[in-house]
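**Q** Take the sequence shown: its position 24, counted from the start at 1, is 22 in the working numbering, and no numbers get skipped.
Don't read these hints as lab results, they were simulated from the structure.
It cannot be assumed that every hint is accurate.
Each computed DSS-like pair below joins lysine-lysine, with the alpha-carbon atoms no more than 30 Å apart [to be verified]:
(1) K115 - K27
(2) K134 - K7
(3) K27 - K134
(4) K7 - K32
(5) K134 - K32
(6) K134 - K88
(7) K27 - K7
(8) K88 - K7
(9) K115 - K32
(10) K27 - K88
(11) K115 - K88
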Amino acid sequence: MLRIFNYLKQNYPESLATAMVQEDLDLLKQNFIKHQLPLPESDDFWIEYFIHDGLAFNGCLLFSVKMDALWEHGFSLPDLLTENIQYHSKYHLFEHYSPGMIFIGRNDEEVIVYNSKTEIFSLLAREDLMPYYESKDRAEIICHGMYMNIEQLQ
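Could you put the whole structure together from the sequences, leaning on the hints where they help?
**A** What follows is the structure in structure tokens.
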């Protein structure tokens, strides 16, 4: 993921949100528990949010930990809590739905999720959650979601 951040920071700095602080993460975790949403088994999942707190690039959004992440020109990045409440409410009856999924981002055609039980990142079809692509490598999934080749970042 660091390669993605460095690439965006050098070429498209406006695409990255500012980093979160520990209080933001603590509040998000409390709200996930309150709403009975899945949390990752390991706190390592959250490390990248201390570098950035969401991004918007090439039609892809990675959601923010903060509920009030407002960028220049009035653009508000969707937050993880609101998006996960809506995701689980909307998709819970779908065949490919799993209650352990954490909805972390989206592009025009796909949702980007993290399975808290298997620790696998996935791109799923927005219409029916049919898996398009899966990987344990977050950067690989994010690059696919941004329609980029990970080799571009070398």
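**Q** Between K27 and K88, does the CA-CA distance stay at or below 30 Å?
**A** It holds: about 21 Å lies between the C-alpha atoms, which stays within 30 Å.
**Q** Has the given pair, K27 with K7, been kept, meaning a C-alpha gap of at most 30 Å?
**A** holds, 28 Å
**Q** Keeping to a limit of 30 Å between CA atoms, is the pair of K7 and K32 held or broken?
**A** Violated, at roughly 35 Å.
**Q** Does the structure keep K115 and K32 at a Cα separation of 30 Å or less?
**A** Satisfied, since the Cα-Cα distance of roughly 19 Å is no more than 30 Å.
**Q** Are the Cα atoms of K115 and K88 separated by 30 Å or less?
**A** holds, 21 Å
**Q** Would you mind confirming whether the straight-line C-alpha gap from K134 to K32 stays at or under 30 Å?
**A** holds, 28 Å
**Q** Within a Cα-Cα threshold of 30 Å, do K115 and K27 meet the stated pairing?
**A** Cα-Cα ~17 Å, so holds.
**Q** Is the straight-line distance between the alpha-carbon of K134 and that of K88 30 Å or less?
**A** Judged against 30 Å, a Cα distance of about 25 Å means the pair holds.
**Q** For K27 and K134, compute the direct alpha-carbon distance and say whether it is at most 30 Å.
**A** holds, 22 Å
**Q** Run the distance test for K134 versus K7: straight-line Cα separation, threshold 30 Å.
**A** holds, 24 Å
**Q** Are the Cα atoms of K88 and K7 separated by 30 Å or less?
**A** violated, 34 Å
When held up to the earlier numbered hints, the structure conflicts with 4, 8 and fits the remainder.
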